[in-house]
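Q: Top to bottom, those sequences are chains A and B. Take the position in the first sequence, starting the count at 1, then add 465; the result is the number in the working numbering. Take the position in the second sequence, starting the count at 1, then add 465; the result is the number in the working numbering.
Don't take each hint at face value.
Just so you know, same-sequence chains aren't split out, so a pair can sit in one copy or run between any two.
Straight-line Cα separation of at most 30 Å, DSSO-like style, residue types lysine-lysine; simulated pairs [unchecked claim]:
#: 1; residue 1: Lys776; residue 2: Lys742
#: 2; residue 1: Lys611; residue 2: Lys735
#: 3; residue 1: Lys742; residue 2: Lys478
#: 4; residue 1: Lys758; residue 2: Lys529
#: 5; residue 1: Lys717; residue 2: Lys616
#: 6; residue 1: Lys758; residue 2: Lys525
#: 7; residue 1: Lys628; residue 2: Lys529
#: 8; residue 1: Lys612; residue 2: Lys516
#: 9; residue 1: Lys628; residue 2: Lys612
#: 10; residue 1: Lys505; residue 2: Lys758
#: 11; residue 1: Lys766; residue 2: Lys505
#: 12; residue 1: Lys525; residue 2: Lys767
#: 13; residue 1: Lys529; residue 2: Lys735
#: 14; residue 1: Lys502; residue 2: Lys695
#: 15; residue 1: Lys766; residue 2: Lys529
#: 16; residue 1: Lys525; residue 2: Lys742
#: 17; residue 1: Lys502; residue 2: Lys735
#: 18; residue 1: Lys611; residue 2: Lys570
#: 19; residue 1: Lys776; residue 2: Lys529
Calculated from the structure, these hints are not laboratory results.
Each chain is listed here by its residues.
Number of protein chains: 2
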Amino acid sequence: MLKKLLDQMATLKRVQNVALLGGVHGNEMSGVFVAQKFMKDPTDITRNSFKTTVLMGNPKAVEKCTRYIDVDLNRQFSKENLNATNIDASYEVQRAREISNALSKDFGSPDVVLDMHNTTANMGNCFIIQDKQQVLSLHLINYIVKKAIHKAPAHILCVSNPKYTYNCSRCLAPNGIGLELGPQPQGVLLAELFQRMQELVINSMDFFEAFNSGATSDSFQADVYNIMEKVDFPRDSDGNITAMIHPRLQDKDWEALNPGDPIFLTFNGKTIGYDGKETMFPVFINEASYYEKHLAFWLTKKETFNVPAIKVQ
Amino acid sequence: MLKKLLDQMATLKRVQNVALLGGVHGNEMSGVFVAQKFMKDPTDITRNSFKTTVLMGNPKAVEKCTRYIDVDLNRQFSKENLNATNIDASYEVQRAREISNALSKDFGSPDVVLDMHNTTANMGNCFIIQDKQQVLSLHLINYIVKKAIHKAPAHILCVSNPKYTYNCSRCLAPNGIGLELGPQPQGVLLAELFQRMQELVINSMDFFEAFNSGATSDSFQADVYNIMEKVDFPRDSDGNITAMIHPRLQDKDWEALNPGDPIFLTFNGKTIGYDGKETMFPVFINEASYYEKHLAFWLTKKETFNVPAIKVQ
């Protein structure tokens, strides 16, 4: 029995460098203000066993309170962009290089990136991972969700589907996690979401400190939602939307969507049903910044699997 | 008795020209899409006894899904701006002139302006008037609130306080009314709010048609909230905010705020209480676009008065 338990135990490298990013989108205010607070006074996120760096992702966009200046920064962290040196690149490509350089030069490549975002969708506390093999990330999420005093429905979203991966800041570390808290309008700071974000970050530091000190994290069963499909709004030949998210779908992120369920309502009051063949779980329903990306919501499938216990090597 | 009733009856001029504006702020989506719909097909807002014109306030800002390009259009309708002819004026000043000219030249000065807006604040259906002497406007609001199937808490906000009036599109007509529907994030179209906005507009046309046809509108008691004071976020010497709207104030628009009630929460978790001496009614709490205007919320006082019955001259 003991042998079996030990067999299931994964030993992982010590966490040495944690990067905390806010304001990668300049109008997502929880991350902007949590980052500003910890840049001024990092006491609450400083631990003995690892280094933490806080960066403001897109300072010009933060100043203008807009998502980006030229292009979406959180799509610019490709190897091509980061390795190129052209000085005529867009502001965000230059900023992606600066962030990447700051993290790798200043303290070695980060083990963890916590990238703080908000969404206008009713996503609660959403944790985005690149891959379900991010075992340390999954343990971290499990810990900070359980420990939270400022509660919200919590879910893990996995974007490993090669059709839909994108070159985001999370890709800078093997344990890159997007903290997507919602619902919050762009340009608005809600105290409740600030508190949720701040607590998730501080508790993350506690988790890494305990992990580095040799604490064992027990195995557990994780539910992960895998992105399967992108759904756009109905549009006319000029690209203008011809329908809205149906009131019965609005705010129903993470809930089962069954064939025939209403998804859109035209401006003339006609309901459009979901024409898929199986139950899916929609997420990022009616996110403001996705209109220009031709995205009304994502469809995901739920997967449950065992995450092995871990301890530090 | 009959004489007394007749004494209280105000006779008002026939409504000849109604202007419907959407997209005066380009990221307030209910007005943008209701205006687009009625520009394409005005059937639902066309009546026999008066003319209706629909205009998109700020088409460039609508295209970019931003509040404005250079300056806030809804502050540019001053006589100075409208009478000047300089071609180097900002886009919005030029646009204010174009709107004013279009409305006065195309069909004579409008009797009514219905200006469709959204707010991120929990304002429900808010009707903004310039003056409580807008008797026709008050009857209109009374009618469309009662007739609505798509319900929301409804209130009238009066900005006659000379300290806080501003040169907005409503000023183009003696019966200028701002329809401020919330809560809705900037850049998001909620079907529920689209339906509310559309219904208020269509029912407005019914009201004017009935009024022009000689229907009497009975006297009633109106509650109006008068703007008394502007409250800014606490800020440091650099102008950065140092506190958020308190969770216990968030979404409490139109509710009584008493001395000592929490209004702000600092980033370190300290509550700041309301230091006023009397009960007030806060509105536009945590509206996204007001951060740059140094405005966390307005304080209003409630006034109840009799509105005389009306009929057409």
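Q: Please go over all the hints and tell whether each is borne out by the structure.
A: Structure-based check of each hint:
1. Lys776 / Lys742: Result: close neither inside a copy nor across copies, 42 Å intra and 59 Å inter.
2. Lys611 / Lys735: between (43 Å within a copy, 25 Å between copies)
3. Lys742 / Lys478: The answer is neither: 43 Å in one copy and 60 Å across copies each exceed 30 Å.
4. Lys758 / Lys529: Result: close both inside a copy and across copies, 21 Å intra and 13 Å inter.
5. Lys717 / Lys616: both (18 Å within a copy, 21 Å between copies)
6. Lys758 / Lys525: both (22 Å within a copy, 19 Å between copies)
7. Lys628 / Lys529: Between. Shortest inter-copy distance 28 Å satisfies the 30 Å Cα cut-off; intra-copy 33 Å does not.
8. Lys612 / Lys516: within (22 Å within a copy, 62 Å between copies)
9. Lys628 / Lys612: Neither: 34 Å inside a chain and 49 Å across chains, both beyond 30 Å.
10. Lys505 / Lys758: between (35 Å within a copy, 25 Å between copies)
11. Lys766 / Lys505: Neither, since 41 Å and 40 Å both go past 30 Å.
12. Lys525 / Lys767: neither (38 Å within a copy, 42 Å between copies)
13. Lys529 / Lys735: between (38 Å within a copy, 28 Å between copies)
14. Lys502 / Lys695: The answer is between: 27 Å across copies meets 30 Å, while 36 Å in one copy does not.
15. Lys766 / Lys529: neither (37 Å within a copy, 34 Å between copies)
16. Lys525 / Lys742: neither (45 Å within a copy, 41 Å between copies)
17. Lys502 / Lys735: between (47 Å within a copy, 14 Å between copies)
18. Lys611 / Lys570: neither (35 Å within a copy, 65 Å between copies)
19. Lys776 / Lys529: neither (44 Å within a copy, 50 Å between copies)
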